Structures are given as structure tokens and as C-alpha cells.
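As they're listed, the protein sequences go chains A and B. Using numbering that gives the first Met the number 0, read the first sequence as starting at 0 and increasing by one per residue. Using numbering that gives the first Met the number 0, read the second sequence as starting at 0 and increasing by one per residue.
Just so you know, the hints here were simulated from the structure itself, not pulled from any lab data. These numbers were taken from a predicted model, which means no experiment stands behind them. Where is the CB? At the ideal position from N, CA and C, for every residue including glycine. Misleading hints may appear alongside valid ones.
[Claimed, not checked] Label-pair ranges, simulated between beta-carbon atoms:
| hint | chain 1 | residue 1 | chain 2 | residue 2 | range |
| --- | --- | --- | --- | --- | --- |
| 1 | A | D339 | B | V87 | 38 to 48 Å |
| 2 | A | F330 | B | P171 | 30 to 40 Å |
| 3 | B | L78 | A | G178 | 45 to 55 Å |
| 4 | B | S176 | A | L251 | 48 to 58 Å |
| 5 | B | Q251 | A | V280 | 50 to 60 Å |
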Amino acid sequence: MSAGMVIVLSGVLVASACALLGAFLVLRRMAMMADAISHAILPGLVAAYFLAQGPNLLAGFLGAAAAAVVTVSLVEGLQRTGRLGEQSAIGLVFPAMFALGTFLVSKYFASVHLDTDAVLFGNIEFAAHDTLIVGGRALGPLALWLMGTLCALNAALVAAFYKELKLATFDAGLAAALGFSPALVHYLLMSAVSMTAVGAFTAVGAVLAVALFIVPPATAYLLTDRLPTMLWLSVAVGAASAVGGYLVAAWLDASIAGAMATMAGVAFALAVAFSPSHGVVARVRRLQRQRLEFAAETLVVHLATHAEGADAVEESAVAHLSEGLRWTPEFAQRVVRWADRAGLVRQTNGHLSLTPAGARRARETAGAREMRRG
Amino acid sequence: MSAFVEFLGDYTLRTVALGSALLGVTSGVLGSFAVLRRQGLLGDVLSHAALPGVCLAFLLTGTRTPAVLLAGAAVSCWLGAAALFRVVEETRISEDSAMGIVLSVFFGFGIVLLTFISKRGDAAQAGLSTYLFGQAATLVWENVVTMAVLGVIAIAAVALWYKEFKLLAFDPEFATSLGYNTRRLGLLLTSVTVVAIVIGLQTVGVVLMAAMLVGPAVAARQWTSRLGRMLAIAAAVGALAGLSGALISMSQPRLPTGPMIILSLTALVLVSLLFAPERGLFWDRRCRRGRRLRRPAADTAEEGAP
């Protein structure tokens, strides 16, 4: 397998692992907790390095998980005192943990290769360098095994506790009433996040781990209202960002991790603009359509009101609408065209008349508007 | 005494200590408003959002003049804030997710630019990253002057719009009813906060900037319930943390300044959280224990058997 392939694959795996958990973080409004945890595991990693007398994967995971538990408990403890808000609590705890980690590194491990660059934007570029060796046999790149395991564990976790996670996320009160402990689910999710954060930390660094946890699920959240769809869409967006990021980075000869985050951002921006259900463009068009529909209903009521009177000929002239209904001539044209296409009015020699459907719509509208007013 | 003379005489020490103290004062004042508005992590988001601006400013002008790079940082921060508020307003994405998105995507894009610049092998790019990851030891007198000017501007802005910002922090609905445009006021306050963040980038770096805004404010809130005093105390706490962090880091080899500032600040916050009169948790605990001990007797005396 080529080095490029290993990088892309491990990127896809780590992005998928993050996206699976990130979907729940986004729905539970705990996005910034991912930020806090991915920074706060640094002292845990350093302590593990110290205790294991060198780089040790298992010790690293345990240290990071311990640091994550400390962070989550500290944030919650501080919040419970009622002296400060959630954001302030997070903003106090993780910089302190990160500062502690940086302090330990520069004071005691100045010779160790754990520099700020690697901490802040990872080194997925070297994914193909280390090989997993078990019993003297090379089993392929270590990064792939690591990220693959994380991805599989997270998928298994979500599959096994799907019901519990869903319930605790959307209705914590009901979950508690039914006998599931929302706190247990919370801590389960948090420890999974911290484990995954270690993988993401080594691949893309502390800050960009947040991009993988949050941006793909947020993008998916703009595209669907169903949890299963959201989960696989999150994974798809995350994987696509990883592949796209790799290509962009290769083209610019720039950081792969940074490019992955940027591509995820591009996907999110596209979803904000063009999502069929929740996008800005769709909303603007929906508003425009509603405006035209409302105007067309006004038009048919207007025509129905004047159909019998002596002024019927005058009031049904297209040219008269801008005066009678105070519309600009352009808007009047658009309304007439809309109503015509909807089969509500007929146009003959510059005069409008109601179709049977239009007359029915006029009665309904007049009734509905009357009721709303009364 | 001799230490003090040495302090005044040592150029590096004086520069770093003064710069850190200045940062503490400005971020203490502006952070107070952020914390009172429950936007404690705004500083974290905006400091990360500064990165692409610094890189683009360098790419476009080719200079490393602090004023140019800081202007780039400020513009980029401001765009990040605008993006954050627009996403929260226009979409169904909640505030915390929007914060994570702006933070990580802006930063990721900045990293792309930064690595792109460094691969070009430009000699001038060396040191660009100190603008972000904070190396107070690289501060020179010119930086301190820039920081002082920006700090004075930020604090003057707070003094000028003190009444409006106070209203915005405590009762935005009331402010609206009085005819103030709270959107515009919020944007103004955020813009002033951007100035404070830009000052801090070079000293403590993007990650630790979050605590520089939150810490002094949380500590100060413990000691008083009046805004004016809170601002003054936050400025003092920030300055003290900056000064002591700088001095501690200089006292021994291989102690980075930024993290030492944050650790000193954390210590100050902890002391304030525990021991401040009235709001201190330590007294709280003691009070409650006292009450619990007295409770049963009082209950039986007043109500008799349940």
C-alpha cells in the first residue's frame, strides 16, 4: 500500500470515528466539550509518557481517558457551584490542563519530540511510518490499525446503545423515568469521545479534532431530521472531507489536517446555503413562493368581490391591479402569471376572470381570513 | 531591592513582564463583559479565527510588520464573529456547534496557509507562528508599544460606551426597549474584544487566550457585585497573573511564559472561588454544615412532630 493511500485511509477512518460520536455531541449541544477534551488530554498523554518511560500506546489511552474524566468532572463541578456559567467553566478548565501539559513537556521532556506543531495540527503525514509488529510479524501501518479499531469500537458502541443514546439525547427526562440513567449514557459518551480524541489528536492535532467531531455532523444536521440518516451522512461528509482534504493538501503542498478541516468547512457552508430543507436559499425561495401565493389569493378574492358589481370590467383589468391592490406593475405581473399557472384565473384581452378553481379558492380564502380576523 | 533593580535593568524581563501585564489588564476588562453575557468561549473561538488573517496579511504584503499582521488578525477575527452570529441566526445549528465550527474551520484554513507559506521557503516567514502559539520571550519593545496603544484604545472604548455595554450585559431586552440597537452594540463590544484578543495572541497563543478572557472575570466576580469594581479587579487580577507568570518563567530555564501565566491565573481563580467573602465556596460549605447541625433542633421546636 502506498504512503498516500495509508494517509487517506487513516484520515477517512479517524473522520468516521469522530463523526459517529460527534452527531450526538451536536444534538446534545456539547460541541465545545469536544474542544475541551481534545485539548485537555495533553497532560494525560505526558503523564503516561512519564510513567511508561517512553511512548506507549495503551498508557497513552489510559492517561488521556483519565485526563478527560478529570476535565468533564471539573467542568461539571464548577458549573454546579452556580458561581459561573458552562462556557466560563470550560474556558477555565481546558486551558489550565493544556498549560499544565505544555509546562510538563517543556520542563521535563525538552528532548522529546512532542512539539507545539504536532500538538496543534498533528502529523497524519507520517501515518505510513510506523508499522504494527506482533510476534515479529509486520501487520501493516500502525495508524490504520489504531484508527480502524477506534472506528469499529465507536460503531459498535452506537449500535449497542443506539436506543439509550437516542432517548437520553432527545428526552433525558423520559430516559430517566424509564430507568436509563442519562448520567451513565453521558459518561459513556464522554469516555468514548476521549478515546477517539487520542486518535484524532495524533492524526490531526487538538484543534482540528474539533473539526472532525463537529463539522460533519452539523452539516448532516442541516440535511435531515432523522437520526439514522444523520449518522451515516455525518460519516459520509467526514470521509469526503478527508479525501478532499488530502487532494487539496497534495496540490498546495500544505498541511493535510488543515485541508481536511477546510474541506469540512466548505461542505458545511454548502449545506447552509443549499440544503433543500434547512438551507438559506431554500428558505428564501419558500418565503417568495408564500408571498406570491398569498398575493394570488388576495387577487382571487378581489376578483370575486367585484365580479357581480358595476365596476367588474374596470376592476378585472390587469393594468388596474397596481392601483386597486397597491402592487407595483412588475409584482402584479408576477402574481397574475403565478395565478394563471396555478389555474386560478384566465386572462382574455387584458381582463381577468376566475376559473371554477379560482372561485372556490376565493371562497376558502375569504372564509379563512375572516376567521383569522374575527 | 536588588531584584527590583535587576528587573528594571533587564531588557527582556522588563519587556515580557510589561507586555504580559498589559495583556492581563485589557483581557480582564473585556473578558468581564464576555463572561457576564455568558459568552465565555467567544475568546477561544475568535483567537483561533485570527490565524488565516495573519497568514493572508503576510501573503499579500510580504512584510512582518506587527501592525500589518495584527490588522490581518483583527479582520479575520471579526469575520469569524460575523460568521458565528450569522450561522446561529440563520440556521438551526446551536451556538456551541457554531462556535466549534468557526473555531476549527478558520484555524484549519489558517494551518493550510501557514504550511503553504513555510513550504515556499521564504526567509521572512520565520517567526510567523509565534503570532499564534505565543512566545512571550520573543516580545520586543515595539510589540509592547503596539500592545499598549491597542489596550488604551480598547479600554477607552469601554469607558466611552460604559453605560451601553453595562445595559447590554445585564438586560439586553431593556436596552432594546430604550431604543438601543442591541445587535449593533453587541457587534461593537465584540469588535473591542477582538482588540484584546489580538493583543494576547503573541504572548499566550491561541489556545490559552480563552482562559485570559475568562479567568480574571470569574475571579473578579467573586469579590464584588458591582460592574465598575469588577472591571477594576479583573484588570488587577489579569495584570497580576501576567506579571507573576512572566517572572516565574524567567526565574528558571525552560519554563514557557504563556502556560506559566495561565497557571498563575488558574491559581488566582481557585483562591477567589474558594475564599472570597460571601461568594467563596469554602464559607458556603461551612455555613451549610452549621445550618445542618442546627436544623433538627429548630424543626422540633417550631413544628413539633411531623
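How does the Cβ-Cβ distance of F330 (chain A) and P171 (chain B) compare with 30 to 40 Å: does it lie in that range?
Holds, since F330 (chain A) and P171 (chain B) (Cβ atoms, about 37 Å apart) stay within the stated range.
V280 (chain A) and Q251 (chain B) - C-beta distance against the hinted 50 to 60 Å
Distance hint for Q251 (chain B), V280 (chain A) holds at roughly 58 Å.
How does the Cβ-Cβ distance of L78 (chain B) and G178 (chain A) compare with 45 to 55 Å: does it lie in that range?
holds, 48 Å
Between D339 (chain A) and V87 (chain B), does the beta-carbon spacing fit 38 to 48 Å?
holds, 41 Å
Indicate whether the distance between the beta carbons of S176 (chain B) and L251 (chain A) respects the range 48 to 58 Å.
holds, 51 Å
Of the numbered hints listed earlier, not one is contradicted by the structure.
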